[in-house]
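Participant: Residue strings, one per chain:
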Amino acid sequence: MFPNCSLGHCHIIIAVVLWSICVDSRKIRGISLSYKRFYRERKSFLCIDGSKMIPFDQVNDDYCDCVDGSDEPGTAACPNGRFYCTNLGYRSHYIPSSRVNDGICDCCDASDEYRSQTPCQNTCRNLGQRERAEVEGQMRVLGEGLRLKQQLIEEGVLTWREKQAQLRDLQRVSDDLQTQLDDLRKEEARRKEEADALREREIGARETADNSPTSHYRPESPISVFKELDSNRDGSITVDEVQAKLSPVQDEEHALSEDEAVALLGGVHRVDLSRFEETLWTSLRTGDNVTIKGRHGVPGSLADEDPNIKAAVSAAEKAAADLKRVEDAYETVYMEIRDLREKLSIDYGSEREFLFLHNQCFQLKVHEYIYELCPFSQVTQKSASGEVVSLGKWGSWAGSPENQYCQMRYESGEPCWQGPTRNTMVMLICGTETALRSVKEPSKCQYVMELQTPVSCQPALRQRGIHSEL
Amino acid sequence: MAAFVVSPLKMGPLLVLWLAVCLSGTWAVDRGNFKTCDQSAFCKRQRALKPGQSPYRALLETLELTNTKLTLQLINDNNKVRLLLELYRLQGNMTRVKINELKPLKPRFEVPDVLINDPPTEPLSLLSRDENGVVLSLGADSQRLIVSAKPFRLDIMEGREVLLSLNSRGLLAFEHLRIRKDTKVDPEGTENKEETEAANEPAEGEEKAKEDEKVEDGMWEETFKSHTDSKPNGPSSISLDFSLPGVENVYGIPEHADSLKLKATDGGDPYRLFNLDVFQYEVFNPMALYGAIPVMLSHSAQRTMGIFWLNAAETWVDISSNTAGKTVFGQMLDYVQGSSETPQTDVRWISESGIIDVFIMLGPTPADVFSQYASLTGTQAFPPLSALAYHQCRWNYNDQEDVAAVDQGFDDHDIPYDFIWLDIEHTDGKRYFTWDHHKFPQPKDMLQGLLDKRRKMVTIVDPHIKVDSSYKIHNEIRSKGFYVKSKDGGDYEGWCWPGNSGYPDFTNPEMRAWWASMFAYDQYEGSMENMYTWNDMNEPSVFNGPEVTMHKDALHGNWENRDLHNLYGLYVQRATAEGLIERSGGVERPFVLARAFFAGSQRYGAVWTGDNAAEWDHLKISIPMCLSLGLVGVSFCGADVGGFFKSPSTELLVRWYQTGAYQPFFRAHAHLDTPRREPWLFGPENTALIREAVRQRYALLPYWYQLFYHAHHSGQPVMRPLWVEYPQDTATFSMDDQFLLGRDLLVHPVTEEGARGVTAYLPGKGEVWFDVHTFQKHNGAQNLYIPVTISSIPVFQRGGSIIPRKARVRRSSSCMEHDPYTLFVALSPKRFAQGELYIDDGHTFNFDKQKQFIHRRFSFANNALSSRNLAPGSQFTTFSWVEKIVILGASKPSKATLKTPDGKESLLEFEFDASMSVLTLRKPGVNAGLDWTVVLQ
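Protein chains in written order, with UniProt numbering: chain A, 1 to 470; chain B, 1 to 937.
Please note that a few of the clues may not be correct.
Covered by chain B, per the in silico footprint, the following chain A stretches (three or more residues, Cβ under 8 Å) [said to hold, decoys possible]: (1) 318-326; (2) 414-422.
Part of the chain B face toward chain A, derived, beta carbon under 8 Å [stated by the list, open to error]: (3) Asp414; (4) His438; (5) Leu672; (6) Thr674; (7) Lys765.
Worth flagging that the hints you see were computed from the coordinates, not collected in a lab.
Backbone N, C-alpha and C fix where the C-beta goes; we use that ideal spot for every residue, glycine too.
Excised from the complex, chain B in its bound form (with noise of 0.2 Å):
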């Protein structure tokens, strides 16, 4: 840092220019400190295989068809070596396929802990077979499954339709594990050894492997820059093909900075899934970021299907696309001339390691495959209340002086907040679950004053440990021997944060159990109830590692990072979810962000994008990266409000508030080197502008709630591309600059610099949408051009939807518990309108436990609205009544008679805005938690 305090004007000219090219150098990502598809070995493997006859053939007499399952053994004609075909065909229209080695030379790994249990298997059944394969019932809707033997394929039919097709490109590719031939000791005996072993009919007498594997660069190490990969098990790479007919569009597979609809790999780089800490990442690239999740959605307007390819090793997808590339005319071509193919799209899978475990979800609806999804790996989290709310963040809030100051900023200026947020900087040298005593003397102080506000606050508690003899974290793990170990079999080191640093393994239980006990309150000193936790750097970071990240050949119990790299963020996540339900006895509901994750990682909490930067691409960017999330279960997620490099113009920094109120989790943050940037430091008419956008947030929260509760219920997403509600309007499948949440709320957030208005794509035709500010209604399916100035958020209500807000919005939302509900009703065009209400406690498992919660259906028809119970099982006393009934599209009427089940009547006053048709009902007064109905006459 030092050398940057040199005047320029000492320097040669040539010195500046130098220092000017890096440090503008430094505002985008070094591509060079990550892998292309070309220097990570088995992907420039994999890849120089090209479509054609698949050299496997399934050997149909050794199917075996059990009540659960059909296994099959598929041989390898070039090498002989036989793979283990297994087909499940799983509850709720699923079809799991495993292709594991049938005799591997020692276990490859299978990924534990992701699925919520072993999915429960229908039986499958023959429906007929002949030496070419055997075609087999998966059940409903005249789904078929049919097995080819030579060459091997799988095809998955419904009618006389495919649906998809499994290696139909010949692409199935498996390195079966072998012994190094350059060290061996005996060479052919151990060869043959092995090979007659695996081969388990030597009568059928096989002849020796044709080809012999020849040994290529990278198969057993490989280097990139100055990291030397060890790989002792040499190559293991495993790679499948999909092909899906008739689909044009494929989504998911975060985590990629780039649009929710996901283009054709062709010529470029595939997808790749691998979790790193991406410094200053840009934006549209298919480079892996800090998260992952294997799973891909496909969708045509006839249908939506999945594919969860369950493997946490390096994986990269390549998507091609016979549509991809055709101009819009040339696709009308086809069109007009009766098109000469059908779209399709090809996947392929590749992976580092491990075995191929595919789940096939079969749709057929948006809906279904989400629940399908969900059955498989859970749901979200149901976060607590407040977490939904704003959040406060900055790297750093210095001192507890500061804390107190930017807490009483937001009261001074009016704007409420629910959570303020401690980096790094909070401990004592980066070793977590400690404070820096001078800054932060008092912590429980500092969280008593919180809580008096009844806000609460996040502290940083990163997974690496600063390597210190005088640190108890790290002697207890030391000790126990928790932590990552190198090759060589010492602790791995690494360099973070804190400087030396070690990682404990968070794939063994007992390690899990012991970082979870940490969270105690005795243990964490200065914790208290409102304090919540954020796992950074969880990839895991590791400065001075291999692409910023632990090296592959480091060792997890037996097995290697290599193996299981893309799971370790999860694990650090679930440790600490479950230390925060522990310290509470079990009855708080956890609050974790975290930044890196995996298919499953929505059990445990909330994740956001990462390192993002001030800029224009980074806010539009943050809706098809939350959307891609949303699609594969991740409901909770965020990207930095402002811009966590850079410092954003106050209008960037506006409208990433007016984006971010909308998007599930909403905070703040920026870098340490940025000037300070709370709301109201950028004059009063950004303040209000700020304070407007953070207020709408919380008026809305009964609603975002209530969404939430359904995501943790049944797996549905909570942003939702348009799609998903409308999976037949072809206009919306690759619609990224705006979105719904739930199904009733559209959102177009202005993301254009200096824009005049904003162009909205509202859907739905014959439907009705009303502009949630000025109740002007619109007809569905046009685009609907929106004038717009510095505090216009486009957002629109669905007509046939029923939203409770909480219309007066106070320091916190934990302030707004008791209050009553405004319900917009919003009419259909056959004035018909449905909606619902979700109430607990707001931050226990009682609503589970002890189903103490109030969930209820508003229906509006026939000129009367009512509230009836959803749950009757449930039980939940509340004080929040309904204090305002607005209802858009409506017409006047000559009364509103309200209506108790103890059969009381009383007339409402209302008033009605025949300009708008908004009629507004004053203070029916009734409980939130009751049965009613109000009449108009």
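So here's chain A without its partners, still in its complex pose (with noise of 0.2 Å):
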């Protein structure tokens, strides 16, 4: 909080003011060994800053007299003081001068409460073996989670290895699968040259051929077509008429009823050839219901053209179909590279130890509520209702520069109401197992969250022990 900052450049200044007279400096209250040189017993004191010579007996004499607090550090007389708890047995450390004799303990050694009628006990010794043991505990838990971390950091390689491994294996397929596809689509185009020129040297055939009613090689007119169902060429076409010479596309051996032979002739009996050419030729000309017997496609249609013809057209099918086909393969090769592309591209840390939490999900249960966190993924909560609501998706890294990742922000969950988008902060802690440890909503739709793991150990932890001055 108020960290022993550094004021190297003071100590060298004032090194070179003192001039080295053997007096024992007397108890300066508040004040750290390293800065005793500052306060050797002489007829004047300089403020630490240089700014101002004042008698010695004005330091510590309960008024503030330097502009930077260093002839008060003892008392609570400078606004911007601190004073040194020593804490013998425990970790010493500076507090701002204004809790100095102000009823509160806030050195163990009571060092701070000289002057007030609280009675503080000096409780250093007790901290002091309290924290060991926490700090020991935490040495442990450390040194087991730095192990599991680098456990975890070499599966991660391995993980990462059998990824890329599998990229590099969906790329070679979906190269392989992108040559195919050159060479199908180029099989299918030309297939489907060949049946095209193939049909239009048909049509040009029939053209120039003779245009006998019954021949299917010319392009038919409703009036020939009406023709060949007026079988008793009354100049309409009846029910029977219908029911004698059509049946369903489907089922040629079925006989079409008489209300599915009217409602074939827009309602009536008997029709007309512009009547004709309005309803039942139009149907024909679909080819989706009926057919005149004997005949296979729609009227107007290649259908029954000679085999070369019939080879070309399904050779066309086939080659088509084959490229579908292979155009799926290839999309669904193509997706799964995005994916993993997309996965491999997320900063799983420095050596992407947190790659093992993809896939995985972590729940916590608190009081009616069960959360779940999906690393890079999302965190919801579930209600007893079963009711899921996304409490934010997958965002970014956002600890601090010098240490990113610590904490992970999930945003654009469900919104609230009259509010913003849920979002979760997940705080990372390290520990021995991975495990959701609390969740909390510290403002309306706005979660926070820990998350156990021992790939948030750092070493760097493990050098800052208890160091107390003796």
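Please dock the two separately framed chains into a single complex, following the hints provided.
Facilitator: In structure tokens:
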């Protein structure tokens, strides 16, 4: 909180100013050993910032003379002063001067309350013991955590390689498919062209052929079909004639019912040519429902072409089907590659230590809700009634620039009533297992979770132990 | 709520638009939920009466003059109904005018428990009398009261000047109680009987009423939206007009989110006084809000007066002015041409029921009016010192861990605070006096944790009680019959936070005593001595009631809510404050915050301006809103710092802290739906700005405490409009963007977004003001442009004043108890200054009961600064001493000598800053409770 910030340059300046008189420092309250040299008893005291020289008996006289507060290290007189808790047996630290003699025990050695009525006990030994035990525990956790982390990193490396290999394989498959696709596209185009060419030729031939009404090779007009169907040649087509000459496309053996026939004639029993053109002819043209018995296809199509055309058409169809199949395969592979790339593009930490969290989910029940965190994917909240609400989708790492991997941000969850969308901040803490430890909602729809995991253990922590000034 | 968890993509554009309109609409008040005068039947009826000849005539032959009062009957010549007028001359230059029906069908409501006693009277003497009227002497200053008989009117005169006239516009209107005609068994008989009885002197042979009362819509039943008001007593409204010749400025009648100077209401709605829970109120309009204090102050350069309309029913106040609406040029023209007419303000009060009971406070100075009003309704409760420090609130701090983390956050960022607050979510299902055992399993541990840091907590206790047979509080209230009753006689129930709720009848003294007993440490589980109380929703708020409040035909004993509506909130706060006093055996001063209030509420604690919004206009309006309250006795006022609804920009939040630090009640608060906004969440620079604002507050606490002592002692407001101290300076009359704290500090907070500078008006010709931050001296009677940055809080100390501060700002005000004082002596141009210091234990009644306090007068004159005892009868010892004396506007002495009564003399070291003329005396070291003198040579 109040780190012993670097005052190195001051040390040098003052060191030059000081001349070595071997006077024992009298006990100056509120300073650390390293500061004692600024407070050697002499006639006068120079404020540490050099701004002012005051008589030495004004040091710690409960009146602030120095702008930097350095003349009152042991009292509450200076607004910007600080008091050094020696805390023998525990951790030394500074407190703001305003906490000196304020009736609240801040230093565990009780040194800050030397003039208040509050009786403070020296609790440093207990605190020190407790902290040492705690730190030992933490160290154990840290050691174990780091070991697990290493494993996970190694596993991560393997997984990463596997994924890379998988990606390469997929790439290869994709390349193969690409080549096949090129060939198949050409093949399909060629086949289609062939079939089209044959057909065109046939149409040309038909146009020059005679106009025999029975000929299959000429385009049929409504009149010719009308005539064909008008068995009794009375200039109209009746239900009987329809039933006699037409059959359903799917089943030529089946006869049309009277109702069906009437329907084909537009709801009447008899039609003349012009009504025919509006009703039955239209149905025949589309060829979906009915056809003239003994014929294939639609009037006017090249249905009953010669075997050459037939072969060409079916070859073209096969080529198209082959192409479709490979295209589908390619699409699937493409999606897979895209997903994999996306997955691999996520920042899994400097050593990809967080990779193992992918595809895992962690749950925690808090009162009536079950919270689920699926790292790099989403956070949800499930109520007792089973309703699932999104608390955010993976956004980004959100820690400080020095350690960006200590926080994850999940954003754009379901919108709140009258408010913004839900989002979740996940704090990562060091532990020997990976588990969701807590969920809070400090502001409405703003969630904070703690995820404990070995991969958040930092070796740096190890160096920070207890260091007490003895 | 679930309805809004729909992806907009799935909705048609129209639906999206509709939603957008709805959502944006929720950010402003829904005016349709609240009545206009036209929608309030009695207001409409009364307002339809236009000024003219009054039908009322004084029956001089009925005049009776006793030692304490004059009584006189009035008759309405239209309907022959008689009224009884009572006139009292009250001690302290006040006149009380009471008008009731001579023989009402049943008693009309007279407001109890607001006046602190029966106001002591002084004899009236009859100066002259003839058939046109009588002239009475009001004692001092050749003040006379003239009663004119036909038409009836009252004029109060001083010399040849009319100070104030009543019924001069003929708007006295008294709807007498009557029997409903369409339901009567024997209409003629009863009516005649009534009239015969009413007419005291049948010998006069009055004709039957010329004009039968017309039955109008809304007299016997009224419907607003889906709510029907049954009005079993029929029409009962009253009205009276007041004319104030020579007056252009009227103030007061809070609570309204409007300018300090009241506006003319011609063409719009009158100012409304009706305690209501207004969701997302708008600024600058006369709509009713949470509290009502029916007191208006009039002011001109010659005189300040007050009108206290003691009526707790729904009330509307119309103001018109013959100068309002005139342009400045028009007024100038009047002036140059010798003005066609003198300025005059006419005021008309309309209330739905009760009687006319008016106190006319004749001033003549603002301070006189404050004392006069205080003599009637009491003074500001003297709060515990820590209540004047900073309060951290939010809806909600979620659990014990959250409370501990916020508490630690203040220490980590070295920002002082004294109180952390828990809103409704801390309870077990909104059952007040209980805790949510999941979130707050160990409330005493939590409170002890705060106590260890010498800090405190406030928990909310609202007056709506969940109807739940497993809830002790509900069961007891129900079994004792303490709930307000519906018109049908059953317990009145309405919808509020817990769902279906009952409303304890706080007008019942037995109920209040029981409620108070619930605050005993063994009753309120988990409570401790550092836990205080917040009464919200005490209008009362009834979500499904008419205008979000109680049905007017609900019953408090024999009286309808209609009669005493505006009084309910006062009783709630009173019962709670009494509970806090009782739980300590009468030793400790309570602290209770309430949202609804009435005249007299100042005796019970603090109020705040309710659910404001994080908008610059709401920051601005906090000044006139609290100034208006201060003028009518309520000094302990504040607005939610940061704004309750919505989320403030960082700049607005910082500016609000800077403003709030200089307003009496200093509490940050935020709505449940808003993001967290503890002071350290906006980056180190903004944390530092907020820290500095809060620290300025803490350093100034000795001055705040002294101001509150005075408010408690003499009723003088803490936060004052400039005109209160500069009553003849017309430039100050409508100023409400700056204010004074006491006499000596002038604050002009920055309330404009992106401001680069503000123009502060420094009053006082021949006076000087010192910038409290730079010590720069400025002349009075000027508009001073002050360039500002985001860290600026323009504050000036009056030359001629001495202000004590505590420069050692600590974690909480309690931690600063024994700290030494720094005296800031700002010299007047004549090198004179005066100030005070008040010290006591900061939290008990011992200052009052055992005279345990220190009250000292500091005077600087003839180059000597001395401290002498202002309260020789009192006794208190303090550890605090005088650390430093800073003299602004000083010249350099050759030496400074401290003399103490034991005859000792010692030389003081000093520094002199010639550029700013600031002399700093080093460490006088003398105890703050002792006599001493510092002589400069």
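Participant: Please go over all the hints and tell whether each is borne out by the structure.
Facilitator: Taking the hints in turn, this is what the structure says about them:
| no. | hint | result |
| --- | --- | --- |
| 1 | 318-326 | violated (count 0) |
| 2 | 414-422 | holds (count 6) |
| 3 | Asp414 | 6 Å, holds |
| 4 | His438 | 6 Å, holds |
| 5 | Leu672 | 6 Å, holds |
| 6 | Thr674 | 7 Å, holds |
| 7 | Lys765 | 37 Å, violated |
When each numbered hint is compared with the structure, violations occur for hints 1, 7.
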